[in-house]
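Chain by chain, the residues run as shown.
There are 2 protein chains.
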Amino acid sequence: MASPAASGEAEAPVLPALLLFRRRLDAAFHAALRRRYHLLDFFASGEPLPAFLAGAAASPDPPRAAVVVGGGAVRVDAAFLDAIPSLGFVFSTGAGVDHIDLHECARRGVAVANSGTVYSTDVADHAVGMLIDVLRRVSAAERFVRSGLWPVQGDYPLGNKLGGKRVGIIGLGNIGSLIAKRLQAFGCVIYYNSRRPRDSVPYKYFLNVHDLASESDVLVVACALNKDTRHIVNKDVLEALGKDGIIINIGRGANVDEMELVRALKEGRIAGAGLDVFENEPKVPAEFFSMDNVVMTHHVAVFTSESRSDLRDTTIGNLEAFFSGKPLLTPVLPW
Amino acid sequence: MASPAASGEAEAPVLPALLLFRRRLDAAFHAALRRRYHLLDFFASGEPLPAFLAGAAASPDPPRAAVVVGGGAVRVDAAFLDAIPSLGFVFSTGAGVDHIDLHECARRGVAVANSGTVYSTDVADHAVGMLIDVLRRVSAAERFVRSGLWPVQGDYPLGNKLGGKRVGIIGLGNIGSLIAKRLQAFGCVIYYNSRRPRDSVPYKYFLNVHDLASESDVLVVACALNKDTRHIVNKDVLEALGKDGIIINIGRGANVDEMELVRALKEGRIAGAGLDVFENEPKVPAEFFSMDNVVMTHHVAVFTSESRSDLRDTTIGNLEAFFSGKPLLTPVLPW
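Quick note, the sequences are listed as chains A and B, same order.
When we follow numbering that gives the first Met the number 0, the leftmost residue of the first sequence carries the number 0, and every step to the right adds one.
When we follow numbering that gives the first Met the number 0, the leftmost residue of the second sequence carries the number 0, and every step to the right adds one.
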């Protein structure tokens, strides 16, 4: 066999095909994937999804793995999986996998992994920052100062102290636990609701969200989105939280009944909200724009340059594990 | 002696006179003072300060105590003390006493007390909130969302992770220590500078602010303002902090050389700032208004309804201690 040196040109390695469904990938991440895989990039293809998948399935080396954007625009459902039967592994660049039909994946033996805990501390930090912001009116004060009102208008509504607040966390997973740990340092009292009580934590457990809301000053939504947690914060829960209560949502928009939240805020039935997620992103209810007691960010709780590079490492680590038949690093459905 | 009942009218108790220099006092606080003291209210009088003090000094019951606003509009200096020789006690409603000439007070045997620690946790919380806000671009994201740009403009600069950041605290007093405790829960590394190292803390001590800045990602100004700490953050310190560095100031505006800070931010020589205080409040340098990496609040780090009622209790507790010859609760200069 002729060596590359002998033939006078570098031998092109045969890279495994990889389906890519992520619109914005930083240059370093893109290069790291390209070095290892033959990328079939959906968003770059400009094709409709069925045509794109059909083309990939018909190629000489049909892709065995896909990287899909977290919380995303593309749903990995039965139709998707039917279209590309070679698929054995789906990696989601988010922690949530509500856009992946796990049942259908499990049925077909398709492994699923997610971003694991790469975002957890950033999301927890963001949640705490938004809570301080709502309680202490930081963003409202920012607008006040930037509009030049300080020298003109003396009075300004007081904020509220964080210490001593009873914070009810919905979902005491990785992120919820990190939020709890941080808020303890501020002197908050931590309560929680989750599918089952956790033995290892000292926080008071509530069997349902309604009771949690009744006893809490602040509700933090930190659970995954699934059929049981869709609108887990509904009209009744907002009522139970009460007029001095504050909602922080860093889970998914649909964990909260957004129209009821708008109504409760408009009518002063709750005191404020810090929202990183919305039901119909990137649409935000226009009513929020005139509310000084609402702090909104555009689903950026995970967005730091540090988490971005951690995500790159986690993505490639999982892909390499899959292609070499080793255990996935951050499995959701390990097969 | 005729009893009030016998004379048919309530005997008006003779209340001790109290000088009051605070423009805005909530109704409950005002009522609590009025029940106990005959208030000589400078801002309500409309008089120039010398006339007001001369009138008070000439009254049959010249005031022995004064309540002055923290960080304030009225300076208790030699001229002030000369004008009202009956004065034996000054209470500042702020923690800082840079508006009170302690040397002149000490020389005349005038006791001084301040608000003690009533604001400490609120200020520490606010400092942490502003740091998260600057790192994670919360207020900038708020503007982005409120201006309707989310659906239109996809890309947005990434924030930075709080965990692992080296935070240099200038002044490890009550507030600085509470900031350190909170930031430890986020995984920050704490460094500090203060007049002398503190035995009881595990944080690395730096003998001067320049070295602290060189080793830190974030500088938090949490010291009192005095001649040694005026412009303690100057051009050299900003240079040492460097282009990825962030300044948080919840001390006094004049702790930072504001014009140098403006320049450093404009020229990208530091990365961002969170400022609750300014050199010439309520004036804020207009250059800040167009900077997305600056978070500004209008000296509200102490402003919560909880700290307000704690302040009322502390003020009255100190006044009652002074008038009954007991030790002050929160003395600065106890005589």
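Heads up, some of the hints might be wrong.
Now the stretches of chain B that chain A is said to cover, found in silico as 3 or more residues with beta-carbon under 8 Å [as the list claims (entries may be wrong)]:
#1 91-101
#2 121-127
#3 158-172
#4 227-237
#5 276-286
#6 292-299
By construction, these hints were calculated from the structure, which means they are not laboratory data.
Idealized CB from N, CA, C, for every residue including glycine.
Evaluation of the provided hints:
Interface restraint, the segment 91-101 of chain B with chain A: violated (0 residues with C-beta to C-beta distance below 8 Å; minimum three). Counting residues of the segment 121-127 of chain B whose CB falls under 8 Å from any CB of chain A gives 4; the rule of at least 3 is met. Under a criterion of three residues with beta carbons nearer than 8 Å to beta carbons of chain A, the stated coverage of the segment 158-172 of chain B is upheld, 6 such residues being counted. Residues of the segment 227-237 of chain B lying with their CB closer than 8 Å to a CB of chain A number 0, which falls below the three-residue condition for coverage.
Check on the segment 276-286 of chain B: 4 of its residues sit with their Cβ under 8 Å from a Cβ of chain A, so the three-residue criterion for coverage holds. Counting residues of the segment 292-299 of chain B whose C-beta sits closer than 8 Å to any C-beta of chain A gives 5, which meets the bar of three, so the coverage hint holds.
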